[in-house]
Amino acid sequence: MNILYLHTHDSGRYIMPYGYMIPTPNLMELAQDATLFRQCHTPSPTCSPSRGSLLTGMYPHSNGLIGLVNRGFSLNDNNQHIVSYLNEFNYETALSGIQHEEFTGEEFYQKVLFESDDLGMYFEDPEAFDVEAATTAAAYIKDRVGKDGNFFLSVGLINTHRDLPSNREKYKQDYIMPPANLFDCKTTREDMSDYCNSAEIADRCFGIVLDALKESGLEDETVIVFTTDHGIPFPGHKCHLYDSGTGVALIIRYPGSKTNGKALDSLVSNIDVFPTLCDLCDIPKPEWLQGVSLAELLSGEKEEVREEVFGEINYHASYEPVRSVRTQRYKLIRRFDYHNKIVPSNTDNSISKQFVMDAGWLDKKLNEREQLFDLYLDPMETTNLVNDPEYQEIYCDLSERLVNWMEETEDPLLEILYRIPRPEHAEINKLTCLHAEIPDYETD
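Just so we're on the same page, my numbering is the position in the sequence shown counted from 1, plus 658.
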C-alpha cells in the first residue's frame, strides 16, 4: 500500500471540513471520502516537535526533538523517523516541499524531489513554493504508474505559515470572522482574511496532487493522510496547550475503510499515525512507538482506543516548560517554571499580536501554575477549576495520570529542576524578547 502524506504549516482545524467558512474545497472533497478525526491533538503545539512526534510515534522529550530544527535541535536517532523505517521495507521514499524534522530531507528520503534551503523562497513567495512542491509531486505520482514496489510521498506546504500572503480584495475583511478568542475588529479581520487566502492556496495545491493520484489509477492502492502541525499562528493558538493550540486536522483515507465518509469524535494523538500506517500497510511496528494504532477505529471495530492525550511545550523561540493531560471532558495544564509573565516571542509576530500588545496583553500575570478545565461546560477554557471543591476528585485523577505519564516516558522535567538543557549552539530568545525574529538570545 502506498502512502501519500499531505501537510501544511500552522492550520489547526481552520478548514472547511471542520465547519469553518474557509475556502478549502479540495480538502472538503477528500474528507467526504475519508475518515475525519474531530478530536485529534498534537503532543506539542510547535513546529518541529509536533512533526517529530507524528513521524517517530514518540513524544518530543522521548525522541529528543524538543525545539526547532532551524534553531539547533534534532532527533536523538534519525533511524526512528518513519521514512528511515520504511526505507527498510521496499518503499521508495520521496519528499516534495518542506519538512521540519532535520535540516535537509536528504537525511531521510531516498528522493528529494523539491526542497529549497533558501528560506527567502519559503517566506517571500510561499505561493510559488507550494505550487512548485505540488506540481513536482503530481509529476512523481504519474511517473510511478506501472512501477514495482510502494512509495511514501511527503508533500509539505509552507502555507499557512506567516507571513501570510494577502489578497484583501478577494477576501474582504468586512465579511470575515476572526478566531473566537480575539476581539472582532478591522485589524483581526484583516489578519484572518490573509489566513483565508493562505489556506486557499494550500488547498489549491493539494488539489493538484489529489487530481494526479486519481488520474494515475493509484488512488485505491494508496493511504492518504492529511494533517498539520498545530494551531493557527494567532495569539492564544500556536504554542499553547489549549485546544486552540493542540487541536489539529487529521483526515485519513484508507481504501475500503468502513468509516470513509464519516467523522469520528474519538480522542486521538498525532503520535498514533505511525502505528496506524504500520497496521494499514502490513508492516511490523517498531518497539519504540508510544502511540496507539487507529486501525480499529477505521475498521469500525472500536469507538475509542485511548482515554487521554498528553501535551508538552519545551522550546519554541523561548523556553517555556508546560505539560498537560486531556480526556474527552477534562484538561489539566501544569507549568514547570516560575516566570509569571506572557512569553511574547512564542507568539508569531502579526497585526493581531500587535493589537493585543497595544491593549495591554504583556501586562497580564501568569500566576496560575495549574489550570483545570471542564471542556463540556467551558470549551473555550476560560474558567480555572483547580481550586473548586467540586472538581478535586477530577484534579487528583488528572494529576496522577500526568505524573505517571511523565515517569513512564522518563520526562527529564521530573529530574532536572524544571530546566531541560538545550543543545550547545541552540538559539533561544530571552523570556522578555518581544518577537522571535529579534536576535536577543540567552547566553548561558
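Calculated from the structure, these hints are not laboratory results. Every value quoted in this text rests on a predicted model; they were computed, and no experiment measured them. For glycine and all other residues, C-beta sits at the position ideal for the given N, C-alpha and C. It is possible that part of the hints are untrue.
As the list claims (entries may be wrong) - Quick list of the computed label-pair ranges, beta carbon to beta carbon:
| hint | residue 1 | residue 2 | range |
| --- | --- | --- | --- |
| 1 | MET1038 | GLU1082 | 23 to 29 Å |
| 2 | HIS997 | GLU959 | 15 to 21 Å |
| 3 | GLY875 | ALA838 | 40 to 46 Å |
| 4 | GLU1082 | ASN1062 | 29 to 35 Å |
| 5 | PRO944 | GLY914 | 35 to 41 Å |
| 6 | ASP801 | GLU962 | 38 to 44 Å |
| 7 | SER957 | LYS999 | 31 to 37 Å |
| 8 | HIS997 | GLY730 | 18 to 24 Å |
| 9 | GLN986 | PHE747 | 32 to 38 Å |
| 10 | ALA786 | ASN737 | 50 to 56 Å |
| 11 | GLU1100 | GLU873 | 49 to 55 Å |
Unchecked claim - Simulated crosslink set (SDA-like; lysine to any residue; CA at most 25 Å straight-line):
| hint | residue 1 | residue 2 |
| --- | --- | --- |
| 12 | LYS1022 | MET1038 |
| 13 | LYS999 | GLU1095 |
| 14 | LYS1023 | THR1041 |
| 15 | LYS769 | LEU876 |
| 16 | LYS920 | GLU848 |
| 17 | LYS1011 | LEU876 |
| 18 | LYS943 | GLN768 |
| 19 | LYS1023 | MET1038 |
| 20 | LYS943 | GLU764 |
| 21 | LYS999 | LEU726 |
| 22 | LYS943 | ASP806 |
Taking the hints in turn, this is what the structure says about them:
1. Between MET1038 and GLU1082 the C-beta distance comes to about 41 Å, which lies outside the given range of 23 to 29 Å.
2. At about 46 Å, the beta-carbon gap between HIS997 and GLU959 misses the expected band of 15 to 21 Å.
3. Remark: the range hint 40 to 46 Å for GLY875 to ALA838 is upheld by a beta-carbon distance near 43 Å.
4. At about 32 Å, the beta-carbon gap between GLU1082 and ASN1062 stays in the expected band of 29 to 35 Å.
5. Between PRO944 and GLY914 the beta carbon distance is about 26 Å. The supplied range of 35 to 41 Å is therefore violated.
6. The supplied range of 38 to 44 Å is met by ASP801 and GLU962, whose beta-carbon atoms lie about 41 Å from each other.
7. Look at SER957 against LYS999: about 48 Å separates their beta carbons, and that is not inside 31 to 37 Å.
8. Here the CB-CB span from HIS997 to GLY730 is close to 22 Å, well matched to the stated 18 to 24 Å.
9. For GLN986 and PHE747, the Cβ-Cβ distance of about 35 Å falls inside the hinted range of 32 to 38 Å, so the restraint holds.
10. About 34 Å separates the C-beta atoms of ALA786 and ASN737, a value inconsistent with the hinted range of 50 to 56 Å.
11. A C-beta distance of roughly 51 Å is found between GLU1100 and GLU873, which places it inside the suggested range of 49 to 55 Å.
12. A distance of roughly 18 Å separates the Cα atoms of LYS1022 and MET1038; the hinted pair therefore holds under the 25 Å criterion.
13. Of the pairs offered as hints, the one joining LYS999 and GLU1095 holds, with about 20 Å between alpha carbons and a cut-off of 25 Å not exceeded.
14. Of the supplied pair hints, the one linking LYS1023 and THR1041 holds, its CA atoms being roughly 16 Å apart against a limit of 25 Å.
15. With a C-alpha separation of about 19 Å, the suggested pair LYS769 and LEU876 falls inside the 25 Å cut-off, and the hint holds.
16. For a cut-off of 25 Å, the pair hint linking LYS920 to GLU848 is broken: about 33 Å separates their Cα positions.
17. For the proposed pair LYS1011 and LEU876, the alpha carbon gap of about 44 Å is over 25 Å, so the pair is violated.
18. The suggested pairing of LYS943 with GLN768 holds, with an alpha-carbon distance near 21 Å, which does not exceed 25 Å.
19. For a cut-off of 25 Å, the pair hint linking LYS1023 to MET1038 stands: about 19 Å separates their Cα positions.
20. With a CA separation close to 24 Å, the supplied pair LYS943 and GLU764 stays within the 25 Å bound.
21. Distance restraint check for LYS999 and LEU726: the Cα-Cα separation of roughly 22 Å lies within the 25 Å cut-off, and the hinted pair is therefore satisfied.
22. At roughly 23 Å between alpha-carbon atoms, LYS943 and ASP806 fall within 25 Å of each other, so this suggested pair holds.
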